[in-house]
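K.L.:
One letter stands for each residue in the lines below.
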Amino acid sequence: MEAPMTLRFWLLTGCVYTLFLLWMATLQGGLIILALPILVYLAAAVLFAPGEVNFQAKRTIDMDVVNQNAPVSVRLNLRYSGPHADLLLIEDDVPHLLKITQGEVAQLVAAAPGEEVTLEYTLQGERGHYNFKGVRILLSEHTGLMEKPVYLSLENDFRSLPEIPRLRKVSIRPEQTHGFSGPLPAHMSGTGLDFWGVRSYQAGDVQRRINWKLSSRHERILYTNEFEQEKFANIGLILDARQQTNISFQERSIFEYSVSAAAGLADTFLADGHRVSLLIYGFGMDRVFPGVGRLHRQRILHALTRAQIGSNYVLENLNYLPTRLFPARSQLVIISPLGSEDYPAFARMRQEGYTVLLVSPDPLAYESLAFKRRGLENSLEFTQAMQLAQIERQVLLANLLHLGVQTVSWDVELPFEQAIHASLGRQHQLFRTLRRLGL
Amino acid sequence: MSLIGRAKWFSLAIAVILLAAGYALAGIWPGFLAALVLGAIGWFRPRPIRAYTGTVLFFALLGQAALGVLSQVSDPAMLFVSLAALAYWDLDAFVTRLQRVNRGPLTSKLEQVHLVRLLMILGIGLGIGLVGLTVRLQLGLGTAMLLSLIVILGIRFGVMVLQEKGSPD
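One line per chain: the protein sequences are A and B, in this order.
Heads up, the first sequence is in the numbering used here, so the first residue is 3 and it goes up one at a time.
Heads up, the second sequence is in the numbering used here, so the first residue is 20 and it goes up one at a time.
Mixed in with the good hints, there may be bad ones.
Think about it this way: if two alpha-carbon atoms lie no more than 30 Å apart in a straight line, the pair counts; the simulated DSSO-like pairs of lysine-lysine are [to be verified]:
1) A:K101 <-> A:K150
2) A:K60 <-> B:K128
3) A:K150 <-> B:K128
Far from chain B by the CB rule (all over 12 Å, computed), these chain A residues [as the list claims (entries may be wrong)]:
4) K60
5) G84
6) P167
7) W198
8) E221
If you are wondering where the hints come from, they were derived from the structure by calculation, not from laboratory data.
For every residue, glycine included, the Cβ atom is placed at its ideal position computed from N, Cα and C.
The whole structure should be built from the sequences, with the hints applied where relevant.
P.N.:
The structure is reproduced here in structure tokens:
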């Protein structure tokens, strides 16, 4: 058996030896008398020292996948077999980012052979994939001079999904749509709901589609109404997880807002029937291949759950974004706080024929919030720096707009839905006008 | 305050009072004052040594008891000081261990079992100590040398164990 003596044991032993040496030096018998109770104490510790033990443990988590900050109940059962243990400190090794809201994760008990100990607690956590590794057990006798630590490997995990904002339909206009019917106007006539135009009647046209009003104005010619065909699109979501663009304040990063926006957009696009893929661009490139349906929604949410900010010299700007991963002329939705050196990447994407929508959680508004909380928002340095940064960002966003990139600058204090519908509504009108003018 | 907390303060008070009284009766007033200072340290738990107050006080009390023996202060009183200081250190460590978990229904029972076990150890220690106070042994040179050898070998063993614990393997 491993000698489980603690520092206190050695301190006491040293103490006894010191008294003994003093006695030998001075021949004062009283010094030995002082050492006797300590010797008895040490002997008791050795006598009751924990021996070989065996544990069987089972941890039950009531849900494998939960929403962010939703309560999760955990139950840990530990069956002890071995000699009687004076003191058994059982502590579940809970991942450190989780908050315990109810119950106990540690318990101190005296265990008899065959006895079962149960820990029940409730916890909640921010977005993430949490792995429980095991249970820490510390066996000791009452004096605490002999301790035997045991780490019982017991793996469980659960995912706390990101917050998914509910969005009304997000209107996008990709250059190219695909195959079957879907929610997007396909810029061509066919079966649909929106009026597209009229053409002369052809044999076989359904009678109820004849435009009687127009036909009545012409002799011997009938006109048929045409409707705009609606199809689905390929949408590539690109989540910027680069460390240099995602600022943090009080352990919360603006990246969390980006993740939430990506989850909301993926949810909405998939609900509309589009084919959606995801690329997380940070330390590496985590990718979810294009797909549709509920199962695919889970795949994307799980990828977003484990998304982390990372720094990689190779991927330090968006120029290295592998756009070839996305179908030609498809819709790209980039969720990024945006860096000043990212403009060329957008220009390249537009040149390659992609329709680009940029959703940019405003890092300046986020930083300003942080300064306000510290009471520094009125300092001259902060005001001037903020003004310069705002000008730089506005110029960058205006340049992107000129490139034909739809931009949504999101002040994270406002709900995402409000930001996206306000921005896209205005820009659709602008793009429609430009198209009409042939620009 | 819990049963074990009360017992801890009680043992500290006993140790300090007996130590102070022993030095006062022997007329050694610096020792008396030092005992009071130790009591004050235990009561106020100064921030720099707060985490180690139990250990610091135990060794200080025991050290002063040893000095008391060397200064011809009453041996039985110093034995009681040694017992009370040991009880204080033990209970302080136990309270620290209890603080790692929240109090539950089992905690009171554990406290009671711990106190019983401690009282038994102290009782045996006291008994042996009192016997030691009454018995006078004359040690010959050979016995003294044998004891010295045991001490030296014991120290050597302790150092070896410490070195093994400290080695990276």
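K.L.:
Minimum Cβ separation between G84 of chain A and chain B greater than 12 Å?
P.N.:
holds, 18 Å
K.L.:
Does the alpha-carbon distance linking K150 of chain A and K128 of chain B stay inside the 30 Å limit?
P.N.:
holds, 22 Å
K.L.:
Run the distance test for K60 of chain A versus K128 of chain B: straight-line Cα separation, threshold 30 Å.
P.N.:
Between K60 of chain A and K128 of chain B the Cα gap is close to 26 Å, so the pair holds against 30 Å.
K.L.:
Within 30 Å, alpha carbon to alpha carbon, are K101 of chain A and K150 of chain A?
P.N.:
Cα-Cα ~28 Å, so holds.
K.L.:
For W198 of chain A, is the shortest CB-to-CB distance to chain B above 12 Å, so the non-interface label stands?
P.N.:
Per Cβ check, W198 of chain A is outside 12 Å of chain B; nearest 70 Å; holds.
K.L.:
Checking a non-interface call: every C-beta of chain B should be farther than 12 Å from the C-beta of P167 of chain A. Is that right?
P.N.:
holds, 38 Å
K.L.:
Non-interface claim for E221 of chain A: all C-beta distances to chain B beyond 12 Å?
P.N.:
holds, 93 Å
K.L.:
Grab the minimum beta-carbon distance between K60 of chain A and chain B and tell me whether it stays above 12 Å.
P.N.:
The claim stands: K60 of chain A keeps its Cβ more than 12 Å from every Cβ of chain B (closest is about 21 Å).
The structure meets every hint from the earlier list without exception.
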